[in-house]
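*Asks:* For the protein sequence lines, the chains are D and V, in the order given.
Using this note's numbering, read the first sequence as starting at 7 and increasing by one per residue.
Using this note's numbering, read the second sequence as starting at 7 and increasing by one per residue.
It is possible that some hints are incorrect.
As the list makes no split between identical chains, a pair holds if one copy fits it or if it spans any two.
Result set (DSS-like, lysine-lysine): computed pairs, CA atoms no more than 25 angstroms apart in a straight line [to be verified]:
id: 1; residue 1: Lys-21; residue 2: Lys-365
id: 2; residue 1: Lys-79; residue 2: Lys-94
id: 3; residue 1: Lys-365; residue 2: Lys-174
id: 4; residue 1: Lys-46; residue 2: Lys-178
id: 5; residue 1: Lys-178; residue 2: Lys-142
id: 6; residue 1: Lys-70; residue 2: Lys-178
id: 7; residue 1: Lys-351; residue 2: Lys-182
id: 8; residue 1: Lys-365; residue 2: Lys-148
id: 9; residue 1: Lys-254; residue 2: Lys-20
id: 10; residue 1: Lys-351; residue 2: Lys-184
id: 11; residue 1: Lys-174; residue 2: Lys-50
id: 12; residue 1: Lys-292; residue 2: Lys-324
id: 13; residue 1: Lys-284; residue 2: Lys-83
id: 14; residue 1: Lys-178; residue 2: Lys-40
id: 15; residue 1: Lys-94; residue 2: Lys-174
id: 16; residue 1: Lys-46; residue 2: Lys-70
id: 17; residue 1: Lys-40; residue 2: Lys-246
id: 18; residue 1: Lys-124; residue 2: Lys-142
id: 19; residue 1: Lys-46; residue 2: Lys-246
id: 20; residue 1: Lys-21; residue 2: Lys-247
id: 21; residue 1: Lys-365; residue 2: Lys-124
id: 22; residue 1: Lys-246; residue 2: Lys-20
id: 23; residue 1: Lys-50; residue 2: Lys-182
id: 24; residue 1: Lys-284; residue 2: Lys-246
id: 25; residue 1: Lys-46; residue 2: Lys-182
Honestly, the hints are just simulated from the structure, not real lab data.
Values in this document were obtained by computation on a predicted structure and should not be read as measured data.
Protein chains: 2
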Amino acid sequence: MQFMKDLLLGYKMKKIIQLGLGNIGIEVIRQFLKLDPVVKSDFKYKAVMDSKNCIFKKNCLDDKDLRKLIDLKLSGKLDMSKYQHEKKKLIDSFGRKTIIVDVTASDETYPVILECLKNSGSAVLANKKLLAGEQKRFDVLKNASDSFDRIKFECSVGAGLPIIYSLKSLIKTNDKIKEIRGCFSGTLGYVFSELENGKKFSEIVRKAKDLGYTEPDPREDLSGKDVARKALILARLSGKKLELSDVKIDNLVPEKLRKCTVEEFLNNLSDFDKVFEKRIWKALVKDKRMRYTALVSETRASAGVIKADKYSEIGSLKGTLNMCVIRTRRYDNPLIIQGPGAGVKVTADGVLRNILEFKTSRF
Amino acid sequence: MQFMKDLLLGYKMKKIIQLGLGNIGIEVIRQFLKLDPVVKSDFKYKAVMDSKNCIFKKNCLDDKDLRKLIDLKLSGKLDMSKYQHEKKKLIDSFGRKTIIVDVTASDETYPVILECLKNSGSAVLANKKLLAGEQKRFDVLKNASDSFDRIKFECSVGAGLPIIYSLKSLIKTNDKIKEIRGCFSGTLGYVFSELENGKKFSEIVRKAKDLGYTEPDPREDLSGKDVARKALILARLSGKKLELSDVKIDNLVPEKLRKCTVEEFLNNLSDFDKVFEKRIWKALVKDKRMRYTALVSETRASAGVIKADKYSEIGSLKGTLNMCVIRTRRYDNPLIIQGPGAGVKVTADGVLRNILEFKTSRF
């Protein structure tokens with residue numbers, strides 16, 4: 007009986023290999039530990055790797071191991087470089103039932119993910135870098151995963167919001183994507199909402215940085231490049247072939263301040279407050295709202311500021327919230343998805359949901 | 007080589023048995039026929055049944071058969087009662103890889119669906135009746151399908167909008183559902199939008215009927231029962247045990263007109279125009295909008311009119327569009343899904359997407 011059960015369990019059990027143990031990575035494991043035992047019983051963590059460490063157990067990490075791992079990481083005591091040599095063994099073990107989970111922000115994970123896919127494994131990517139890199143790389147991942155049947159990447163755009171799911175699913179049924187428009191930057195949403203409230207651009211940026219809404223260098227957000235990467239992923243998913251350089255980007259960082267240090271940037275930003283004030287008021291008096299959006303149309307992809315009608319879906323979006331408006335041949339009245347598009351909890355939740363979706367897969 | 011391919015294909019191929027060949031059923035087949043050949047190659051129609059007919063082929067129906075079937079149905083010439091005796095044979099063939107698709111509005115499909123699930127098959131239900139029937143029946147379906155791993159029912163609420171997907175998925179990761187509020191009746195959305203535009207209740211209802219927005223007897227929509235059924239499904243999915251009679255329903259049909267004929271109902275409805283006019287204006291002067299919503303809270307489920315703030319998500323929803331606002335422990339800022347929640351094309355698309363999701367399943 008037990009033999010039969012093991013055989014059956016062995017058949018079903020999926021093995022998770024997680025790359026990355028930052029905030030999101032830790033939260034994914036925390037949420038995993040709290041899963042309903044029945045749901046959890048189909049999955050085991052086989053390994054967790056970050057840039058320095060590789061914790062790997064042939065018989066998988068149990069809950070105690072995972073808890074200890076988080077404690078060590080949080081107390082700064084995780085230094086298991088002795089495990090480094092295990093990486094080779096780990097890669098050799100890739101196969102059907104392996105799910106590799108990338109919660110890093112690095113593009114160095116590409117070879118190991120590809121290796122996993124080639125060995126009939128699956129992948130969950132929260133990491134945008136791989137999908138927004140070269141088109142060639144995107145195509146390789148697509149082909150190696152049976153047209154993304156074996157890769158899920160919900161959190162690459164809008165965190166846990168079901169944007170990628172919906173788009174993938176509409177494309178499968180041969181619906182024609184006419185336009186995707188969305189606000190995918192909580193930071194830029196915050197900036198424009200605060201500008202509308204009469205605050206000064208330089209003060210808003212400084213506050214956003216203090217609140218942790220921006221990258222350490224806020225110019226990374228203001229440059230629009232992150233939004234452009236998301237537009238690129240959505241465009242490619244809709245079947246377009248293009249590079250990041252083909253995406254028109256509206257860079258909000260004043261040209262003079264693009265090359266200085268972060269401190270200089272912040273100190274001199276107030277010189278441009280008037281420019282932004284003028285732009286926002288020009289829109290407001292016409293009952294328009296400035297929003298930084300990604301656009302994928304039938305012919306192009308871009309990231310930039312639009313003046314949306316005050317009462318339109320995008321115009322009425324407030325603060326850091328994200329929104330995606332998908333128009334297709336069948337969805338003439340668009341499908342709209344809205345909610346928090348960033349944050350550790352919802353992102354980790356999105357990653358975990360993607361992992362659990364492989365529960366019933368035959369690979 | 008061909009042998010290997012057949013073996014492999016045989017392993018992967020899923021067999022569709024469709025119950026129902028009304029507008030939605032026909033459109034599902036039409037969209038199926040237009041699928042990308044690679045996507046389609048994993049699926050075959052084994053049988054199509056409606057209340058009178060059962061078209062069944064041991065080696066499955068090919069595209070030509072399916073096209074002919076639609077033509078016959080549309081020209082009213084489908085009368086293959088001689089195939090009736092095949093039903094038994096069909097049921098005996100149920101097993102892993104069988105996907106039974108219910109696009110009827112009947113609750114008589116229950117035994118055959120259960121039979122399919124018990125034989126390791128899967129199901130796609132657009133039919134609300136089975137899930138909104140007795141709690142006991144809901145539980146049986148849940149248990150027979152490994153906690154709904156083998157039943158998909160996106161179109162039971164909000165047509166193809168990813169509401170059920172999102173909710174199922176959040177529950178799997180052990181998020182706590184705090185509140186679900188939604189507008190799930192295009193008809194009632196239309197009625198309240200038109201009331202706001204100053205139109206008369208009786209005229210709106212008559213026009214909605216003429217436009218085909220309502221059931222042949224508009225009281226079925228106005229009674230709120232359809233919305234209550236959707237609230238019930240969402241509540242049960244969130245883990246509550248309750249019957250339709252436990253859902254508080256706000257019936258918009260004036261009491262005096264509940265038992266007369268449809269004609270009498272329509273002719274006498276204008277007696278109540280003033281009542282509705284008064285209600286709507288009372289809301290409007292306070293910057294509120296009347297909306298017929300389903301509500302699932304931690305303690306109850308209901309269907310009724312609320313006065314939503316003009317600028318709130320639900321208050322700003324217009325016309326026949328649907329919306330679902332999901333608040334959970336992790337989604338304190340809610341996840342909002344909006345779009346057309348009815349219509350043949352988007353419903354059929356939703357059904358087909360559910361079918362295709364079984365492509366990679368091991369059953």
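*Asks:* Compare the structure with each hint and give your call.
*Replies:* Right, here's what the structure says about each hint:
1. Taking the shortest alpha-carbon separations for Lys-21 and Lys-365, both the intra-copy value of 11 angstroms and the inter-copy value of 21 angstroms come in at or below 25 angstroms.
2. Proximity of Lys-79 and Lys-94 under a CA criterion of 25 angstroms is satisfied intra-copy only: 23 angstroms inside one chain copy versus 61 angstroms between copies.
3. For the homomeric pair Lys-365 and Lys-174, the shortest alpha-carbon distances inside one copy (19 angstroms) and between copies (14 angstroms) are both at most 25 angstroms.
4. Taking the closest pair of Cα atoms, Lys-46 and Lys-178 come within 25 angstroms of each other only across two copies (10 angstroms); inside a single copy the shortest separation is 29 angstroms, beyond that limit.
5. Taking identical chains as interchangeable, the C-alpha atoms of Lys-178 and Lys-142 lie at most 25 angstroms apart only when both belong to the same chain, with a minimum of 22 angstroms there against 35 angstroms between chains.
6. With identical chains, the CA atoms of Lys-70 and Lys-178 are at most 25 angstroms apart between copies only, with a shortest distance of 22 angstroms across copies and 41 angstroms within one.
7. In this assembly of identical chains, the alpha carbons of Lys-351 and Lys-182 lie at most 25 angstroms apart only when taken from different copies (13 angstroms versus 33 angstroms within one copy).
8. When the C-alpha separation of Lys-365 and Lys-148 is checked against a cutoff of 25 angstroms, the pair qualifies both within a copy, at 21 angstroms, and between copies, at 17 angstroms.
9. In this assembly of identical chains, Lys-254 and Lys-20 lie within 25 angstroms of each other by CA distance neither inside one copy nor across copies; the values are 41 angstroms within and 43 angstroms between.
10. Within a single copy, Lys-351 and Lys-184 get their C-alpha atoms only as close as 32 angstroms, which misses the 25 angstroms cut-off; across copies the closest is 16 angstroms, which meets it.
11. For the homomeric pair Lys-174 and Lys-50, the shortest alpha-carbon distance between copies (22 angstroms) is at most 25 angstroms, but the shortest distance inside one copy (27 angstroms) is not.
12. Proximity of Lys-292 to Lys-324 under the C-alpha cut-off of 25 angstroms is found in both arrangements, the shortest distances being 18 angstroms within a copy and 23 angstroms between copies.
13. Within a single copy, Lys-284 and Lys-83 get their C-alpha atoms no closer than 51 angstroms, and across copies no closer than 69 angstroms, so neither meets the 25 angstroms cut-off.
14. In this assembly of identical chains, Lys-178 and Lys-40 lie within 25 angstroms of each other by CA distance solely across copies; the values are 11 angstroms between and 33 angstroms within a copy.
15. For the identical chains of this complex, Lys-94 and Lys-174 are neighbours neither inside a copy (34 angstroms) nor across copies (38 angstroms), given an alpha-carbon limit of 25 angstroms.
16. Taking the shortest Cα distances, Lys-46 and Lys-70 sit within 25 angstroms of each other inside one copy (14 angstroms), while across copies they are farther apart (45 angstroms).
17. Within a single copy, Lys-40 and Lys-246 get their C-alpha atoms only as close as 40 angstroms, which misses the 25 angstroms cut-off; across copies the closest is 21 angstroms, which meets it.
18. Taking identical chains as interchangeable, the C-alpha atoms of Lys-124 and Lys-142 lie at most 25 angstroms apart only when both belong to the same chain, with a minimum of 16 angstroms there against 45 angstroms between chains.
19. Within a single copy, Lys-46 and Lys-246 get their C-alpha atoms only as close as 38 angstroms, which misses the 25 angstroms cut-off; across copies the closest is 22 angstroms, which meets it.
20. For the homomeric pair Lys-21 and Lys-247, neither the shortest alpha-carbon distance inside one copy (33 angstroms) nor that between copies (34 angstroms) is at most 25 angstroms.
21. For a Cα distance limit of 25 angstroms, the shortest separation of Lys-365 from Lys-124 qualifies both inside one copy, at 20 angstroms, and across copies, at 20 angstroms.
22. Taking the shortest alpha-carbon separations for Lys-246 and Lys-20, neither the intra-copy value of 33 angstroms nor the inter-copy value of 30 angstroms comes in at or below 25 angstroms.
23. With identical chains, the CA atoms of Lys-50 and Lys-182 are at most 25 angstroms apart between copies only, with a shortest distance of 23 angstroms across copies and 39 angstroms within one.
24. Taking the shortest Cα distances, Lys-284 and Lys-246 never come within 25 angstroms of each other, neither inside one copy (37 angstroms) nor across copies (53 angstroms).
25. In this assembly of identical chains, the alpha carbons of Lys-46 and Lys-182 lie at most 25 angstroms apart only when taken from different copies (17 angstroms versus 37 angstroms within one copy).
When held up to the earlier numbered hints, the structure conflicts with 9, 13, 15, 20, 22 and 24 and fits the remainder.
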